[in-house]
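Undergrad: Could you build all of it, start to finish, from the sequences and the hints given here?
Chain by chain, the residues:
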Amino acid sequence: MNIWHLTLRSLWSRRWTALLSVLSITISVCLVIGVDRLRNDARSSFANTISNTDLIVGARTGAVPLLLYSVFRIGNATNNIGWKSHQDFAKDPRIAWTVPLALGDSHVGYKVLGTTENYFRFYKYADGRALTFQSGRPFEDLFDVVIGADVAHALKYRIGSNVVIEHGLGGGINKHDALPFTVVGVLAPTGTPVDRTLHISLRALDAIHIDFGPTRRAQGKRLDADALRALDLQPRTITAYLVGLKTKTSIFSLQRDINNYRGEPLMAILPGIAMHELWSTVSVAETALRAVSVCVLISAFLGMMTMLLAGLNERRREMAVLRAIGASPRHIGLLMVMEASALVTLGALLGLAAVTLAYALLADWIGATYGLFLSSVLPTQYELIQIGAIIGAGAAVGLVPAIRATRQSLADGLIGRA
Amino acid sequence: MTSSALAIRITDLTFSWEPQGPVILSIENLTVKAGTQTLITGPSGSGKTSLLNILSGVTVPTTGSVEILGQEMTALNAQARDKFRADRVGVIFQMFNLLPYLSILENVMLSCMFSSERRTAALDGGGVEAQARYFLDALQLSPSEFGGRPVNTLSIGQQQRVAVARALIGNPGLVIADEPTSALDARNREMFLNLISKVCKENNTTLIVVSHDEALFKHFDHRIDMETLNSALPMKGMPA
Ligand SMILES: Nc1ncnc2c1ncn2[C@@H]1O[C@H](COP(=O)(O)OP(=O)(O)O)[C@@H](O)[C@H]1O
Ligand SMILES: [Mg+2]
Numbered sequence: 001m002n003i004w005h006l007t008l009r010s011l012w013s014r015r016w017t018a019l020l021s022v023l024s025i026t027i028s029v030c031l032v033i034g035v036d037r038l039r040n041d042a043r044s045s046f047a048n049t050i051s052n053t054d055l056i057v058g059a060r061t062g063a064v065p066l067l068l069y070s071v072f073r074i075g076n077a078t079n080n081i082g083w084k085s086h087q088d089f090a091k092d093p094r095i096a097w098t099v100p101l102a103l104g105d106s107h108v109g110y111k112v113l114g115t116t117e118n119y120f121r122f123y124k125y126a127d128g129r130a131l132t133f134q135s136g137r138p139f140e141d142l143f144d145v146v147i148g149a150d151v152a153h154a155l156k157y158r159i160g161s162n163v164v165i166e167h168g169l170g171g172g173i174n175k176h177d178a179l180p181f182t183v184v185g186v187l188a189p190t191g192t193p194v195d196r197t198l199h200i201s202l203r204a205l206d207a208i209h210i211d212f213g214p215t216r217r218a219q220g221k222r223l224d225a226d227a228l229r230a231l232d233l234q235p236r237t238i239t240a241y242l243v244g245l246k247t248k249t250s251i252f253s254l255q256r257d258i259n260n261y262r263g264e265p266l267m268a269i270l271p272g273i274a275m276h277e278l279w280s281t282v283s284v285a286e287t288a289l290r291a292v293s294v295c296v297l298i299s300a301f302l303g304m305m306t307m308l309l310a311g312l313n314e315r316r317r318e319m320a321v322l323r324a325i326g327a328s329p330r331h332i333g334l335l336m337v338m339e340a341s342a343l344v345t346l347g348a349l350l351g352l353a354a355v356t357l358a359y360a361l362l363a364d365w366i367g368a369t370y371g372l373f374l375s376s377v378l379p380t381q382y383e384l385i386q387i388g389a390i391i392g393a394g395a396a397v398g399l400v401p402a403i404r405a406t407r408q409s410l411a412d413g414l415i416g417r418a
Numbered sequence: 001m002t003s004s005a006l007a008i009r010i011t012d013l014t015f016s017w018e019p020q021g022p023v024i025l026s027i028e029n030l031t032v033k034a035g036t037q038t039l040i041t042g043p044s045g046s047g048k049t050s051l052l053n054i055l056s057g058v059t060v061p062t063t064g065s066v067e068i069l070g071q072e073m074t075a076l077n078a079q080a081r082d083k084f085r086a087d088r089v090g091v092i093f094q095m096f097n098l099l100p101y102l103s104i105l106e107n108v109m110l111s112c113m114f115s116s117e118r119r120t121a122a123l124d125g126g127g128v129e130a131q132a133r134y135f136l137d138a139l140q141l142s143p144s145e146f147g148g149r150p151v152n153t154l155s156i157g158q159q160q161r162v163a164v165a166r167a168l169i170g171n172p173g174l175v176i177a178d179e180p181t182s183a184l185d186a187r188n189r190e191m192f193l194n195l196i197s198k199v200c201k202e203n204n205t206t207l208i209v210v211s212h213d214e215a216l217f218k219h220f221d222h223r224i225d226m227e228t229l230n231s232a233l234p235m236k237g238m239p240a
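If you read the protein sequences in the order shown, they are chains X and R.
Take 1 as the starting number for the first sequence in the working numbering and just add one per residue.
Take 1 as the starting number for the second sequence in the working numbering and just add one per residue.
One or more of the hints may lead you astray.
Claimed, not checked - What follows is a set of in silico ranges between Cβ atoms, one per label pair, in the way DEER data are often shown:
(1) Asp185(R) - Trp16(X): 32 to 38 Å
(2) Thr11(R) - Leu349(X): 53 to 59 Å
(3) Ala310(X) - Gln20(R): 28 to 34 Å
(4) Ser142(R) - Leu349(X): 39 to 45 Å
(5) Ala183(R) - Ala310(X): 26 to 32 Å
(6) Ala396(X) - Asn152(R): 34 to 40 Å
Worth flagging that the hints you see were computed from the coordinates, not collected in a lab.
Note that the coordinates shown come from a computational prediction; the quantities given were computed from them, not determined experimentally.
Beta carbons are placed, not taken as given, at the ideal position from N, Cα and C, and that holds for glycine.
TA: Structure (structure tokens):
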């Protein structure tokens, strides 16, 4: 038997009070590690959403809102931009490609994106990865739809499934029953909002709006699919477009030209810079969350310290016995530090295990619900370092009761005072 | 007579608990032969516990010298004195000698935790656990019946005997006991004193017991009266 063994036996004899300390440490470690994980995953999830795009062009708002609604499908554009201005710039010799994006419709809660074939060629995510098809092909016909992996999975759609696109953001009033779309392609999972998007051609988007426009509705006349196919459909507005340049050096001159465009107020942003701006907005909330979780950790430490200090008096006899068998006051102090270490170690490891388990169980659900793609399930090296630091801090907290116990056992002498 | 044949030699000792505090002990000369059994008596407040604190090396005299089992205690620092106690001194309290979260047997073996010397000594007796069983048996606590039991299932008399076993394991040389029988009834007191003096004699261990009860004397070789030993006390029969 050694002093560690003795510490654990002593703690075990007080296991119910000890358990409370352990649990409060577990909870706070869950918070500290969990908040940090979510933050890192949110960052990398966001950062991975778009790559190889030099500029994003949209109506004049802030850089962050434009980034959010065009790329992350979060929120809605306050203004659209004209197809004509897009065409003007698409011809610009500095530009290699553009990907027009028209948002605003939805299908059972999933956003519908009107775009062109360029989307499948030029939209890149993560470190320059292109979209690939799990099955099927890009849209060709007016009523072809290409769906993201999550859409296919959640709604159990396959190639050939019929899809009804709603006007606006759902609600079920304006169903375009007359114009069912057919799934022709399912994209492979990307871990980006693409997975939760339905893609149709810009012409198709236009077609459903023509067919469902207020004039048409008032007249009670609906065109059938073939009649729509026959029309020469031209989109009038889009939400935004992505730009790829031939040479990166022209980026700022093009940005300036777009921002100064006379036809309508436009704005071109660099995704990286907008992303950075987004983080500086979010980091206030992050810092607040972190501060709260650190406060919870501190209060757990204080709770443990209270428990150890409160126990000292009733454990005077225990200390005297240990002194009698040759323990020095320093040993008595060490015992306290070891108790604190044992409690914190147990609490911290339980906390880490709980976060890891929660991650493994909830990753899919969080991805589907919040669009946050949780990455590593196993603890990272950084997290292990944090856990180490927390255990170290807990042991240091044990120094307070340790010093008290040392003083007490010195003052008591061997036999203790009657 | 060489000093090694003495378990205790005190010369010109004075002691107070606090630097400017009252002098609690003033002992000109005290020797105790190794292997003997001594009873120290005196009324409460006469400094018996303070003396045991010095004999166990928990504290040192303010002036003077204390030699225990040949070791000058004032030459050692606090840590070395704790180590000395772990190796050479067994201590028995009035009560609450045992750790409630350990079994009886583990409580006895506890003495070897801080002392490799006592562990080694116990090995000669067949190992730490074997020696713990041997002493429990010698103190009429059948190890097979009591060894694994939790402490709180024992009577106070039985607990005190477990404390003796713990004090004796690993052959410490000196055992000191502070009022070990004051919580016991007459029958248990007799049994306790018979057993402790017998086992100490068998193991050639020096035993110092302090008590305010002079009637215990018949179990001991020597008796020392605090009131004659400790000149810091007011004269007998005079008000304090
Ligand atoms: N650990 C201690 N710290 C300070 N003073 C003590 C301590 N132990 C005993 N004393 C004091 O020493 C004096 C003698 O007490 P003590 O040695 O306990 O005598 P006895 O054991 O004979 O009753 C008392 O005044 C007591 O208050
Ligand atoms: Mg006393």
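Undergrad: With reference to the structure, classify each hint as holding or not holding.
TA: Results for each hint:
1. Asp185(R) - Trp16(X): 32 to 38 Å: 35 Å, holds
2. Thr11(R) - Leu349(X): 53 to 59 Å: 57 Å, holds
3. Ala310(X) - Gln20(R): 28 to 34 Å: With a Cβ separation near 33 Å, alanine 310(X) and glutamine 20(R) satisfy 28 to 34 Å, so the hint holds.
4. Ser142(R) - Leu349(X): 39 to 45 Å: Taking Cβ atoms as reference, serine 142(R) and leucine 349(X) lie about 42 Å apart, which means the hint holds.
5. Ala183(R) - Ala310(X): 26 to 32 Å: Since alanine 183(R) and alanine 310(X) have Cβ atoms about 27 Å apart, the given range 26 to 32 Å holds.
6. Ala396(X) - Asn152(R): 34 to 40 Å: For asparagine 152(R) against alanine 396(X), whose Cβ atoms are near 35 Å apart, the range 34 to 40 Å holds.
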